[in-house]
Amino acid sequence: MTDVAARNPARGVPPAFVGIASLVLFLLIVELLIRTDLISRYIVPPPSEIAASFWRVIVEEHVFRRFLLTATECLTAGVMITVIGVASGVLMHRYKLLQDACETWVAGLAAAPVVLAYPLFMVIFGRNAWTIIMIGFVAALPPVILKTIEGMAGTRKVLVNVGRSFNLTGPQQFWKILLPASLPTIFVGIRLGLVFALINVVGVEFLINYGGLGQLINDLSERYDLAGTYAAICFVILVSVLFFMALEKAERWLRPVD
Amino acid sequence: MAETGRLRQAAVAAPVISQVTLLRAAIILSVLAIWEFLSHSGWLYRDVVPSLISIGEALGQLLARPNYYYNLGVTAAEIGAAVAIGGISGMAVGLLLGANRYLSRAFENYLYYLGPTPKIIFFPVMIMWFGVGTESKVALGTLSCFFPIALSVAAGMRQIDKVLIRVGRSFQASTAQMVLKIYIPAMRHPIINGIRLGLGVALIGTLLAETKLSNKGIGFLIIQAYSTFDMPRMYAMLIVLFVLAIGANALIGRLGGLDSIKRS
Amino acid sequence: MKQIRKLASAVVLGAVVMAAPAAADDLVKMTIGQRGNWDTAITHLGEKAGIFKKHGIQMEMIYTSGSGETLQPVISGGVDLGLAVGTLGAMAAFSKGAPVRIVGAQATGAADYWYAKNPAIKTLKDTDGRTIAYSSNGSSTHSVVRAFIDEYKLTGAKTQTTGNPSSTLTAVMTDQVDVGWASPPFGLKELQEGKIHIVAKATDATLVRGQTIRVLVANTDTLTKRKAVLDRFMQAYREAIDYMYSDNPQVIKDYAEFAGVPEVMARRVRDEFFPKSLVNPDQIHGLETLVPEAVNLKFIPAPLSKEQIAELIQIPPRK
Chain A
1 MTDVAARNPA
11 RGVPPAFVGI
21 ASLVLFLLIV
31 ELLIRTDLIS
41 RYIVPPPSEI
51 AASFWRVIVE
61 EHVFRRFLLT
71 ATECLTAGVM
81 ITVIGVASGV
91 LMHRYKLLQD
101 ACETWVAGLA
111 AAPVVLAYPL
121 FMVIFGRNAW
131 TIIMIGFVAA
141 LPPVILKTIE
151 GMAGTRKVLV
161 NVGRSFNLTG
171 PQQFWKILLP
181 ASLPTIFVGI
191 RLGLVFALIN
201 VVGVEFLINY
211 GGLGQLINDL
221 SERYDLAGTY
231 AAICFVILVS
241 VLFFMALEKA
251 ERWLRPVD
Chain B
1001 MAETGRLRQA
1011 AVAAPVISQV
1021 TLLRAAIILS
1031 VLAIWEFLSH
1041 SGWLYRDVVP
1051 SLISIGEALG
1061 QLLARPNYYY
1071 NLGVTAAEIG
1081 AAVAIGGISG
1091 MAVGLLLGAN
1101 RYLSRAFENY
1111 LYYLGPTPKI
1121 IFFPVMIMWF
1131 GVGTESKVAL
1141 GTLSCFFPIA
1151 LSVAAGMRQI
1161 DKVLIRVGRS
1171 FQASTAQMVL
1181 KIYIPAMRHP
1191 IINGIRLGLG
1201 VALIGTLLAE
1211 TKLSNKGIGF
1221 LIIQAYSTFD
1231 MPRMYAMLIV
1241 LFVLAIGANA
1251 LIGRLGGLDS
1261 IKRS
Chain C
2001 MKQIRKLASA
2011 VVLGAVVMAA
2021 PAAADDLVKM
2031 TIGQRGNWDT
2041 AITHLGEKAG
2051 IFKKHGIQME
2061 MIYTSGSGET
2071 LQPVISGGVD
2081 LGLAVGTLGA
2091 MAAFSKGAPV
2101 RIVGAQATGA
2111 ADYWYAKNPA
2121 IKTLKDTDGR
2131 TIAYSSNGSS
2141 THSVVRAFID
2151 EYKLTGAKTQ
2161 TTGNPSSTLT
2171 AVMTDQVDVG
2181 WASPPFGLKE
2191 LQEGKIHIVA
2201 KATDATLVRG
2211 QTIRVLVANT
2221 DTLTKRKAVL
2231 DRFMQAYREA
2241 IDYMYSDNPQ
2251 VIKDYAEFAG
2261 VPEVMARRVR
2271 DEFFPKSLVN
2281 PDQIHGLETL
2291 VPEAVNLKFI
2301 PAPLSKEQIA
2311 ELIQIPPRK
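Residue numbers (the numbering used here), protein chains in the order written: chain A, 1 to 258; chain B, 1001 to 1264; chain C, 2001 to 2319.
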């Protein structure tokens, strides 16, 4: 994208500023719509009320402990999908037979409502954090595998041929050519996987009413504390913000030249 | 000499059953065997891990009732609408963010941050705006699948070979021509994968909405089965869902010509 | 040409007439929680017997899997009524100014029962050092378990949330919790098969017997603009209850089909667990304990005044 300057809608203004300004504008519009009753305040509380309830939620609802629990569950699931997902993707790319047999199944798993099988998970792992982690893991695995395969398959032939011309062995070819070339796509897959993991972890916590932030959201909404419910949702967003910042750092460390 | 080679080739006939099918059958049979073993071993609570025979029976009964197909149709229609609306809007936003670095830096992070929130928590808002009928389920499905599609397309845009873009520009292609003739064809793989993932999320979002509030649809039937602890019937419905999800995924892949670009 | 036009308009008119609901019927939309229980089947059974139609009421029933989802569409005006909303939740919404009012008692006392797999646990007194289940914080089962602990001085017992009856049964059978809870007809089959046995019934706690734990709520718009319809609905509702407790065998048949249980079990559900007083909608009982509980569990910030309660509870009187 070389002609960014020509397409820059607000030349000179840093993009982050535009982003934040739009967010603030959006919140103001929502506040206005609620105050004029175009949106029922009993379904969506005014953003000002949500902001006011933050302190109460933090202090009374042990948010920090819950935040740690949810974040740990996501981290565990995230590590598992990265290790097992990338490894599976590499295996499937290496053995075409495996890929032909299983790729559509993996894609189908991405669409399967794993969450609805939670009774089975509860029987195997008990009504505790491991059920939540495992559901997150199973649901988040497909994007990582699929994107790994896509990344490896999409490596430019030129690079592969260069490697061959240097008579690189199989493992050398993999570690020096294929893997680095696929990293951008693999990272997209991990990011997507983390999205799925977080959605499923908080979603299952919400559904079975156990755990960290998801359970808090359920509790507060059953108590009809809407401002608190949305404040808790903001904490969920905070978890995802932290994860993606960490992931960005990791990606930059692995691929210093972009 | 060439003739001998050719004859030898013809003698080795193509196998009747392909290796792929054999491997798939082997995997399925082992999974079924492990399940049946677990069911009979008593290690796991029998009622939640019922024997394959009872699941098979439930499956038979399920498929014989016309009421099931009605509910299946309701859910399928909801998901279809959700993927269509979410897919088109997601692609549009993804194209925009992928093409324009400025907009991407301004707004794409918000998609990343909002993406991982389970959309089921916004269901009451959907009910408020769209009522208690199927529209609110479609709305939730749309909201669910918008994010993965937008993000996948945006990322795909940035990975298009710059050469192709320059070719398009050198022909002075209009924006519409760039989109239709350069961007979308170059991004076939990411778009198809994005839609596959979007389908999955839309399916889950719609089903979860049905379990929370409804009087028809597969989600409604599943929660009925679970609340009466009829686990064989619940598994039967999940199996059908899973098979249909795989089928839909494969169909989208086939339609997108995925087979032809896989070999590159 | 004229004949075709006559035919066309006749067809259109016929279609319109057939598509429109019967002239006198008013449509009442409602959300209902806990489908399959005897006390939430009143509208379904009454509809099957033609009672609601007799009063000119046509119903659209949407089922939910939680008190929150039952209440929210009432608040947003998507439905007219919510059946089986937790009383505490209704109070919470009202105290925040939401446009909902209580128009009837849905369950006074409770039919829930607590059971165990371990034969060593015979009564509540045997729960020292053991875990007792309830569905979630602030639910009616939570109130019952707290009442058990208070009244029977179960200082050694621990409580645990286990969600719905199915998850609870799974937890009990996999030894994750000692005493589980269920709402009949759930678990009756397992009871019959001897896999579990009853340890206590909700009504064993005197506090619970007199408490209205779930209510019928209506949107304020329905209450003001469609008062006559609401009155007729409540009349039909009461008549349906009379029918359910009559000797008519059809109601047991219909309920058995609705809940997916054998007729013998259906009869057991009604006769052993659901006395008629449980479903009587005429009065909200136990406010003197419910309101402090609501404050205690943070559902409402402060006790409701007499005026507030008079505004909140507006039950159409029995004719």
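In short, the hints are calculated from the structure, not lab data.
Ideal Cβ placement from N, Cα and C applies to all residues, glycine included.
Some clues are possibly wrong.
Now the stretches of chain B that chain A is said to cover, found in silico as 3 or more residues with beta-carbon under 8 Å [what the hints assert, rightly or not]:
id: 1; segment: 1019 to 1032
id: 2; segment: 1045 to 1053
id: 3; segment: 1082 to 1093
id: 4; segment: 1115 to 1125
In silico DMTMM-like cross-links for lysine to aspartate or glutamate, where the CA-CA straight-line distance does not exceed 25 Å [unchecked claim]:
id: 5; chain 1: C; residue 1: 2117; chain 2: C; residue 2: 2193
id: 6; chain 1: C; residue 1: 2029; chain 2: A; residue 2: 37
id: 7; chain 1: C; residue 1: 2096; chain 2: A; residue 2: 61
id: 8; chain 1: C; residue 1: 2122; chain 2: C; residue 2: 2204
id: 9; chain 1: C; residue 1: 2189; chain 2: B; residue 2: 1057
id: 10; chain 1: C; residue 1: 2195; chain 2: B; residue 2: 1230
id: 11; chain 1: C; residue 1: 2117; chain 2: B; residue 2: 1057
id: 12; chain 1: A; residue 1: 176; chain 2: A; residue 2: 251
id: 13; chain 1: C; residue 1: 2225; chain 2: C; residue 2: 2204
id: 14; chain 1: C; residue 1: 2195; chain 2: B; residue 2: 1135
id: 15; chain 1: C; residue 1: 2253; chain 2: C; residue 2: 2221
id: 16; chain 1: C; residue 1: 2054; chain 2: C; residue 2: 2257
id: 17; chain 1: B; residue 1: 1216; chain 2: C; residue 2: 2193
id: 18; chain 1: C; residue 1: 2189; chain 2: B; residue 2: 1047
id: 19; chain 1: C; residue 1: 2158; chain 2: A; residue 2: 60
id: 20; chain 1: C; residue 1: 2048; chain 2: C; residue 2: 2025
id: 21; chain 1: C; residue 1: 2029; chain 2: C; residue 2: 2311
* For this structure, which hints from the list above don't hold up? -> 3, 11, 13, 14, 15 and 17
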